[in-house]
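**Q** If you follow the hints, you should be able to join the two separate chains into one complex; please do so.
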Amino acid sequence: GESVGLHLPTLSVQEGDNSIINCAYSNSASDYFIWYKQESGKGPQFIIDIRSNMDKRQGQRVTVLLNKTVKHLSLQIAATQPGDSAVYFCAETPGGKLIFGQGTELSVKP
Amino acid sequence: GAGVSQTPSNKVTEKGKYVELRCDPISGHTALYWYRQSLGQGPEFLIYFQGTGAADDSGLPNDRFFAVRPEGSVSTLKIQRTERGDSAMYLCASSLVGTGGELFFGEGSRLTVL
Numbered sequence: 001g002e003s004v005g006l007h008l009p010t011l012s013v014q015e016g017d018n019s020i021i022n023c024a025y026s027n028s029a030s031d032y033f034i035w036y037k038q039e040s041g042k043g044p045q046f047i048i049d050i051r052s053n054m055d056k057r058q059g060q061r062v063t064v065l066l067n068k069t070v071k072h073l074s075l076q077i078a079a080t081q082p083g084d085s086a087v088y089f090c091a092e093t094p095g096g097k098l099i100f101g102q103g104t105e106l107s108v109k110p
Numbered sequence: 001g002a003g004v005s006q007t008p009s010n011k012v013t014e015k016g017k018y019v020e021l022r023c024d025p026i027s028g029h030t031a032l033y034w035y036r037q038s039l040g041q042g043p044e045f046l047i048y049f050q051g052t053g054a055a056d057d058s059g060l061p062n063d064r065f066f067a068v069r070p071e072g073s074v075s076t077l078k079i080q081r082t083e084r085g086d087s088a089m090y091l092c093a094s095s096l097v098g099t100g101g102e103l104f105f106g107e108g109s110r111l112t113v114l
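Quick note, the sequences are listed as chains A and B, same order. Heads up: the first sequence at position 71 corresponds to 71 in my numbering, and the numbers run straight through without jumps. Heads up: the second sequence at position 93 corresponds to 93 in my numbering, and the numbers run straight through without jumps.
Extracted from the complex, chain B is given alone in its bound form (with noise of 0.2 Å):
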């Protein structure tokens, strides 16, 4: 597609479960970012990629969080025994160039954990 993709749009689990969500960035775009915004807030950075390494992940809020990039296209980020307190929205961007390049983000996945 033309934009950035993610999914699922919706996830609700319950506490304690594991949780993977998908990010799939504009072709050819080299840096992928993954943010997380709860009502009202603004976007809060998690992790950032260039290629299939993570370049900044001093975001992630603990271990619990982690992201994969393996071919340097498609991201999940997989939450871990997750609580109530991860419910937010997780949002994906791709940029064409990384570092001072405009990011394109994708309609988000909104987690719910009950």
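Okay, chain A solo, but in the shape it has when bound (with noise of 0.2 Å):
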């Protein structure tokens, strides 16, 4: 079935560091993306997104880029804190569901 699927399932990196999370998507008709942070316990809370019109896109300390030729999404945390310490998802629309992929758990080291 569809699937959205994350290279890495766990990321770790000092504080002050740029951080870097990859997603692979698999299904092209995909037109909207969207990046999600989940703290335990909590519902996921949208960070950033981007339309397969543009390839890259940048917010406040967070930027995504989307490569289309190979179905691909990342997102690039600069000057990462320990409150940026979550499972972080890609999420990909088809059709207008929301499909998630598994998620990477970033940690941050102080």
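The set of hints was computed from the structure by calculation and includes no laboratory data. One or more hints might be untrue.
Claimed, not checked - Within a straight-line C-alpha distance of at most 20 Å, the following computed DMTMM-like cross-link-like pairs (lysine to aspartate or glutamate) qualify:
no., chain 1, residue 1, chain 2, residue 2
1, A, LYS42, B, ASP56
2, A, LYS42, B, GLU44
3, B, LYS17, B, ASP86
Since the model is a prediction, treat every value here as computed from it, not as a measurement.
**A** Spelled out as structure tokens, the structure:
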């Protein structure tokens, strides 16, 4: 079936370093992609989105890159902080519903 | 309230019982989604409403699961004859426009079936 997968299940970084979280998606028809952050016991929280007519979008300390040729998304977090520790999910939207990947757990060491 | 509200936050029930989970979306959001999330997994799509109608219910695992949104606002997810495998976090999200729009999630209802 359709799936969105992540290359790395866990990522540990030092506070202040940059983090890169990768994601592969499978549905070529998807035209909208979102990164969500989920802290323990809470619902997913929107971080940044990108449409398929773009290849890069920047937010505050975060950048999303989209490579449609290889169906790959990445989330870059600049100057990672302890508060960034969470599970990060990419998600795609083929036909209205949002399909999530398995998630990458980001751990920030002080 | 300002965000998506889900009740109850925790529900413990016995195998075979009936359960209802409620979602109150952000006011004015026409699209409403239900997801199920098991520990260590990503949210799994269940059903999506546009207004009062179910636009896509392809994620409902079987006929024990049913959801309604009679007035296009509050939605109820209903689970009949619960099984231990139904234990999970049930997440609700709403969106202003539906397809291609940001989803705002509630904090979820954790269901435990003993």
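**Q** Where does the structure disagree with the numbered hints, that is, which hint numbers, in rising order?
**A** The structure conflicts with hint 1 only, although it agrees with all the remaining ones.
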